[in-house]
Each structure stands twice: as C-alpha cells, then as structure tokens.
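Asker: Based on the hints, put chain B in the right spot on chain A.
Here the protein sequences line up with chains A and B, keeping their order.
Numbering follows my numbering, with no gaps: position 315 of the first sequence is 315.
Add 1000 to the 1-based position in the second sequence for my numbering, that's all there is to it.
Quick caveat, the hints were computed from the structure, so don't treat them as lab data.
Warning: the hint list may mix true and false statements.
[As the list claims (entries may be wrong)] Okay, the calculated beta carbon distance ranges per label pair:
| # | chain 1 | residue 1 | chain 2 | residue 2 | range |
| --- | --- | --- | --- | --- | --- |
| 1 | A | Arg112 | B | Gly1295 | 41 to 47 Å |
| 2 | A | Ala78 | B | Lys1306 | 16 to 22 Å |
| 3 | B | Arg1258 | A | Tyr235 | 44 to 50 Å |
| 4 | A | Arg82 | B | Asp1318 | 45 to 51 Å |
| 5 | A | Lys247 | B | Pro1320 | 40 to 46 Å |
| 6 | B | Glu1200 | A | Lys247 | 55 to 61 Å |
| 7 | A | Gln68 | B | Pro1320 | 34 to 40 Å |
| 8 | A | Arg255 | B | Tyr1235 | 54 to 60 Å |
| 9 | A | Tyr235 | B | Arg1107 | 50 to 56 Å |
| 10 | A | Glu243 | B | Asp1318 | 38 to 44 Å |
| 11 | B | Thr1342 | A | Ser66 | 41 to 47 Å |
[Claimed, not checked] Selected chain B positions facing chain A (Cβ under 8 Å, derived; list incomplete):
| # | residue |
| --- | --- |
| 12 | Gly1106 |
| 13 | Gly1109 |
| 14 | Gly1178 |
| 15 | Leu1181 |
| 16 | Gly1183 |
| 17 | Gly1186 |
| 18 | Ile1187 |
| 19 | Thr1195 |
| 20 | Ser1273 |
| 21 | Ala1276 |
| 22 | Pro1284 |
| 23 | Glu1285 |
[To be verified] One-sided and incomplete, this derived list gives chain B residues near chain A with beta-carbon spacing under 8 Å:
| # | residue |
| --- | --- |
| 24 | Ile1191 |
| 25 | Gly1316 |
| 26 | Pro1320 |
| 27 | Leu1323 |
Ideal placement from N, C-alpha and C gives every residue a C-beta, glycine not left out.
Protein chains: 2
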Amino acid sequence: MDLSYNEDKEKRRRLTGEKTIRCCGQGENMEKYGFGVDVGGTSCKLGLFTDSGKLMEKWEIPTDTSEQGEHIIEHVAASLERRQRERGLADEQIIGVGIDTPGIAGRDGVVRGAVNLGWEACPVQEQLKMRLQKKVCVCNDANAAALGELWQGGGRGYRDMVMVTLGTGVGGAVILNGKVLAGAHGIAGEIGHMTVFHKEIERCVCGKYGCVEQYASAKGLIRITRKLLEKKDPYTILVDTPELSAKQILDAAKRGDRLALDAVEVLGKALGSALAAVAEVIDPEVFVIGGGIAGAGEIILRIVQKYYRPDVLPAGADIPFELARLGNDAGMYGSMKLLLDTSEEK
Amino acid sequence: MDLSYNEDKEKRRRLTGEKTIRCCGQGENMEKYGFGVDVGGTSCKLGLFTDSGKLMEKWEIPTDTSEQGEHIIEHVAASLERRQRERGLADEQIIGVGIDTPGIAGRDGVVRGAVNLGWEACPVQEQLKMRLQKKVCVCNDANAAALGELWQGGGRGYRDMVMVTLGTGVGGAVILNGKVLAGAHGIAGEIGHMTVFHKEIERCVCGKYGCVEQYASAKGLIRITRKLLEKKDPYTILVDTPELSAKQILDAAKRGDRLALDAVEVLGKALGSALAAVAEVIDPEVFVIGGGIAGAGEIILRIVQKYYRPDVLPAGADIPFELARLGNDAGMYGSMKLLLDTSEEK
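In isolation and in its complexed conformation, chain A is listed as follows (with noise of 0.2 Å):
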C-alpha cells in the first residue's frame, strides 16, 4: 500500500475517517488517535491521525506571534479540542499531542530561542498537558520532518537516514535505528553549518565563513547568482533585481541558462561534498533532501551526487540520494511519530 501523501488520498482517508470515528463515537469501536502538530512562524499545520498513522483530517490556523507568541500554544490547544468535540471523539480515544516547532526542544518540554516565534524559552509540553489533560511530545522542526519522511515520506522502508532540508537556510538531521540524533551539544545533523569553502569572506548567520547555508540555501543561491551577475556574464536570463528568487533561478537553470547552472554547481559543491564528510563520519542508508529548493527535483540531486561521489569512500558512493515527499507535512507526520514512538516505550 502506497502511504505518500496526496489530495485524493487524503480525501478518501477523510470520508473513511470520519465513518470509523462516527462508529467510534456510538461506541462500536474505540479505535485510537492522536493529534500531530507543526508549529511554524506564519502558520500551524494539524493533523489527526490514527494511531496505526493514517492521516484522517489535515488543517491550518494562522501563528499568532504577536506579543512575543504568548498565544500560539492555546491557540493550538482550542483548535485540537474544537477538533475533538466535532469528530465526537472520547478523551480516551486520544493518544496525546506531538508537536514541533523551530528553535531547541529540551528534554523538559522547554523550547528555547525560536525567534521567529517571538520565546525566548517556552514551556510547550507543560502548557498544553496543562490545557488539554493529554500527553505531549515536544521537538524540534527538523528533527519532525525527518522523522515524518522516514516514517512515510523520501526515507519510508529505511532506519538510518540523513535528512537535509534547503529552505531559506539549510537545516539537518541524522536518524539512526529509527531515531533523531539529538547529540551531546544539541548540534547533532547541522549540516548547514558544516564549512566546506575555507575561503569564504562573508560570514554566515552562524557567526562563521563558508558553511554549507552559505551556498545550499534559497538566500544562498541568490547571493551566489548576484556574485556571478555583477560579472556582467551576458548568457543569462537573470537580473539581478530585490525580487530575484531562488525559483527564477532554478527554474532557469532547468532551462539551461548558463549562469544559473553555475550558481546551481556551487550549490552543489558545498552540498556533495559535506554529504561525502557526512557518509564518511555515519554513513547512512539514504539521503533525503528536502525544502523548497529540492522542489526542482532531479536537478538538483544530479548535481549534488555529482560533487559527492568523488569526494566519498567507493563503499559510499551508491548510497541512494531520494527527494522528500511529505512537502509541509512533514512535520505534523513527524510529531506524530514521535508520539507513537514514545507511547510504545511506555
């Protein structure tokens, strides 16, 4: 059975769903559920799922930031109780809440720095069990999406994988035996910031010169492709305008436009090669790529599994390079796992 996810499946788990919960409300069968949610910085995405994982319901609530994002958590919490009470779902057919949002999830269920949300620190997992009287799994964002990916998504039938998302920067995570690394130093998959060109002048977000971001990301690849414009290289379609963006030039170098396919190689480079240090260091089962960039597809792994194989070990070198599948889902798949996961332990 084929799990990705696509509108008409999702439409027909939806009419499916709703027969079995209307059953599970007159108390035929108590079949079990659990909410997954994906906490971004424009908006929270919820899904209900089964707890055998199908998806039932998918849908969206603005992320309130205002007021340094004091309201995102009950927001949250009203939305999934409103969920409950229309599906007639008993607080006992609830597994629990997983969620993920950006910035660093402690083992406390405190997430600390998510700037885009607008906390310093907030205590995620206190404040929705508070609320909801349910049990809640909180993690990171990356993390979810890999987890997501590996579950149903690019890594689906695999346990030890590498996730790597490119998106307006480039965030990491390395799954093994089913399971986020979260490391030592919460630094554990920051592939983006990974150095690979020792050279660079311009210093990163991070504080450092010549990582991965610097290149792999969508403000990567338009500050390359600037680079690349200020040399005036007549052969392209390009202008260097405030509102290039990263698809213009993908879309461009599919198109063959020679000066984006360059910005495209060095991309590439820095990528391959820190998957090549990557294999080289764990050496998984597959890479998964993922974010908008990887929206373009094979171009995209051609040219990175072009920098990565001679940079790599000869045993490594056919390890599979997939695209991410589950798109925004990602997450709330993940989340979602991850609260199946750690029922199981208990």
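Answerer: Same frame as chain A, now just chain B:
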C-alpha cells in the same frame, strides 16, 4: 578508583589475580573470566580479564603471517588454552573470547580484507569456536581500540565518543550510547578519509585526493615535512633522509623547530577541520586522539583544537579532547568489553 593502566598496577593485579584464581581452582569461589585478544600484523596481544573488567594478566605472541596467515587463529587458541590450564581455570569459568583483527569483521564472524595478516577472508569466529568450544566475538581493531578507550581509557565516563587513531594511517570510530556505530556500508567513522583539502594533487591510498590521512598520519606528516624541506628553509634541524620519522618531526616541533611546527600545523588544520565537521554531524561528548602521533601529547591536542574551534558551531567549541590512555592495550580491552556486552545482551 583509577583503573588507568600502568605497570605497577598490573603487577599488583597479577598477584591479586593469581591468588583469586587459586581460590577458584579450589572451588571456593567460581569467579568468571574472559580473554581479550588483539591480533596485529606483528604480534598478538592477549589478556585475561575478570568478568568485572579487571586485567589479571597480559602477554604477547608473534603473529605468524606465513601461508596467508592460516596459523594465526590456531596459535591464539593454543596460547589461550595453555594459559587457562596453567591458571587452573575450569571451562565453565571462562565466559569466552573477544578478538579483534585488522580488516572488516562481518556479522557472520568472518574477517575480510585483512591484508596485513595475509587474509582474504577468514572465518575467525567459527575457527576459534570450534577449537576452544567457547563463545567468540569478533570485531575490527580500530573499533575495539575505541571501545577499550571508552571503557577504561581516555573516554572513560562517557557514552558518545569519537576516537581518532593517528598511526601509520588514520583510523577512526564513532561510539554512540556505548556502542560502535557500524554504518550501513562499513564506512562509519572513516575520519581518515574525509576530504579536507580539495586542491591536493597527490593521491591517497584510498584513491581519493585530500584525505585527512594524507596530512595527519605518520606517513602524512613525513610527506608534508619533506615538501617543506624541498623549499630549503634554513630554520630547521630536520634533514630529508630515508630515515626521517614522525617521531623526529614531533620532537623537533616540541623543541620549537619552525619547519616541524609548520608541518604539525598542517596536521592540525586537516584533523581539526574534519573533527569540526564530525561534531556538526554527530555531536559527541568527547574526542579521544590516540596512536603513535598522539604520543607527542598536549602539542597535538592544542594544534588540532586551534583549527577545530573556529570551524565548529559555538555550542560544540568546548567538546573536550582527550589523549588515549591504553596505548597498544586498547584493542585487547575493547575486545573483552565487546565480549562482556554481548554476553549481557543474551
């Protein structure tokens, strides 16, 4: 209690040990024992340990690599049997044998590609088990050394450790949660073959260019020093003779020799930047540096950290660097630890 290894303690332990064993022989105390064996290209190191991990006695036998090394396992078995007999230990007192060798140790207990020993493929586990009628665990020598250092050496007290061995080549191992990470294709922890200098024109033994091993191994250090000597820098006591050794270079560096220090800087840069990448992938609790070159001591740690720190995210800057402490005994310790871990699991 300090369990770090030294001669005096060994003597004390041996004495204590013999007493204990005599007791056992008399049936008063059925303490259990195990053998840890480290098979090297020149000699095999053998140790008798209590099941609580105390080394009672260690000895060596030459490694007979004649006839494609087909007598090695037989000689090890005979030596272990003899020692058991001399000690008056009953069969039921011996948990088993942990043994490490160069090459890749498969889950089937077969060692492949141990070129130094003359083995193409050797069914170490089966041979030793048949011969001794005891439980046998087989692992790779670099992994065993790392496990040994974690257990009773530089990594003692930690669970997540990265070990690098700077010998003729550069070996590496990743230990997470007390277990060696094997990787999906046998290349996990291959820190010696992470590419660090993309512009290198000489080829590494692995076939790639710019690997850590080309700068941070004994061979690498000599190679770099020779290159610097070609420039005829007058500020050095070193001369390019066929006998030029890593030890000479390191001694000269310790005495402030400018050219030797320059060579050590290259070593530090290669290893430091590779370990920064390692930190951003798996984020260990500690780095342990061993092997002949690490025998130079603090100078190596200092220079590696000099290049490590600016290359790693701030949260990883203070990961401790320790020197390995068990020297050539590390593999023997690690083999015994593997035996104990495997016995516990069952």
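Asker: Okay, which hints does this one fail, numbers in order?
Answerer: 2, 6, 11, 12, 13, 14, 26 and 27
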